Structure formats: structure tokens, C-alpha cells
Amino acid sequence: MPLFGSIFSPKKTPPRKSASLSNLHSLDRSTREVELGLDYGTPTMNLAGQSLKFENGQWIADTAISGGVDRRETQRLRKRNQQLEEENNLLRLKVDILLDMLSETTAESYLKDRELDELKTVSRRRK
Numbered sequence: 001m002p003l004f005g006s007i008f009s010p011k012k013t014p015p016r017k018s019a020s021l022s023n024l025h026s027l028d029r030s031t032r033e034v035e036l037g038l039d040y041g042t043p044t045m046n047l048a049g050q051s052l053k054f055e056n057g058q059w060i061a062d063t064a065i066s067g068g069v070d071r072r073e074t075q076r077l078r079k080r081n082q083q084l085e086e087e088n089n090l091l092r093l094k095v096d097i098l099l100d101m102l103s104e105t106t107a108e109s110y111l112k113d114r115e116l117d118e119l120k121t122v123s124r125r126r127k
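Going by UniProt numbering, the first residue of the sequence shown is number 1, and it counts up by one from there.
Treat the hints as calculated values from the structure; they're not laboratory data.
All values derive from a computational prediction rather than experimental measurement.
Warning: the hint list may mix true and false statements.
Using C-beta positions, here's what the derived DEER-type ranges look like [what the hints assert, rightly or not]:
no., residue 1, residue 2, range
1, 56, 34, 22 to 28 Å
2, 117, 93, 33 to 39 Å
3, 114, 82, 45 to 51 Å
4, 101, 41, 58 to 64 Å
5, 55, 98, 42 to 48 Å
6, 74, 110, 52 to 58 Å
7, 72, 98, 35 to 41 Å
8, 110, 50, 38 to 44 Å
9, 95, 72, 32 to 38 Å
10, 47, 10, 55 to 61 Å
DSS-like, lysine-lysine: derived pairs with alpha carbons at most 30 Å apart [said to hold, decoys possible]:
no., residue 1, residue 2
11, 94, 112
12, 94, 79
13, 112, 127
14, 79, 53
Glycine residues also receive a C-beta, built at the ideal position from the N, C-alpha and C atoms.
All chains should be modelled from the sequences, with the hints used to inform the complete structure.
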């Protein structure tokens, strides 16, 4: 029994048999390309009843399947969206102006209150 040696030395496990679970390695090249090829087609999805496909980095409505979403309707909705965004920006600007006016009026009121308090203390001292 060695002084610094290991008492426990397990047996080495035998190597596993390399059995393939797939029969794709036995197929010819053309069949493998069909099964595992890189041509997956364009990605498509169905969202709220409208079919969309991914082309050139953008999702585009598939008009053949989408159920008749009209191009004019899309343009009308985009125009309406633009109008609403402009109106929203205008309203934000108006709110900012009103907040500036409110803060200015509040500051003036505070200064006048301080001035009035000072005048009251001065008039009390004179009496």
C-alpha cells in the first residue's frame, strides 16, 4: 500500500459503440439536401388573421392569403397615423408651454408673497 498513492482506482469504462440514430448518412446527396438543405423558403406567420412573410429584412403582408387587406386602406391608415402623431407632438408642445407658464406664475406668486410678508414685518416694527 503506497503512502501517497490512491487507494481507490476505478476500472476504465469501455468506449461506446458509435451507432447512428439516423439513417441520413446512408442517403445520397440530393436526398440529404432536400431533407437538411439550407433553402427553407421565406418565413411566414399568421397574426390577427393576416398572413405576413419576411422579405428583405421586413415583414410584408401576403396579399394572396391575407384576406383582402387593401393597399389603399393601408395607405389611409398610415396617413391617419401620421396625422395623429403630429397632433400628439403639438399637444405635447402645448402642455410644455402651459407647464412653463404655470411655473413662472407660481414663482411670481411666491416672490410677491415674500415681499408682502417683508412689508408686513416692516410696518409692525414702525408701530
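Quick check: does the Cβ-Cβ distance between residue 47 and residue 10 fall within 55 to 61 Å? 57 Å, holds
At the C-beta level, are residue 55 and residue 98 separated by a distance inside 42 to 48 Å? 46 Å, holds
Could you tell me whether the CB distance from residue 110 to residue 50 stays inside 38 to 44 Å? 57 Å, violated
For the pair we were handed, residue 79 and residue 53, check the Cα-Cα distance against 30 Å. Given that 30 Å is the threshold and the Cα spacing comes to 23 Å, the pair holds.
Is the gap between the beta carbons of residue 56 and residue 34 within 22 to 28 Å? 26 Å, holds
At the C-beta level, are residue 101 and residue 41 separated by a distance inside 58 to 64 Å? 59 Å, holds
Proposed proximity, residue 112 with residue 94 (alpha carbon, max 30 Å): Holds, because 27 Å separates the two Cα atoms, which is no more than 30 Å.
Pair hint residue 112 and residue 127, alpha-carbon separation not exceeding 30 Å: 23 Å, holds
Kindly confirm whether 52 to 58 Å is satisfied by the beta carbon distance between residue 74 and residue 110. At roughly 53 Å between Cβ atoms, residue 110 and residue 74 fall inside 52 to 58 Å, so the hint holds.
Is the gap between the beta carbons of residue 114 and residue 82 within 45 to 51 Å? Once the Cβ atoms are compared, 49 Å apart, the range 45 to 51 Å for residue 82 and residue 114 holds.
With 32 to 38 Å as the target window, see if residue 95 and residue 72 comply at their CB atoms. 35 Å, holds
Does 35 to 41 Å hold as the CB distance between residue 72 and residue 98, or does it fail? Holds, at about 39 Å.
Consistency with the previously given hints fails for number 8 only.
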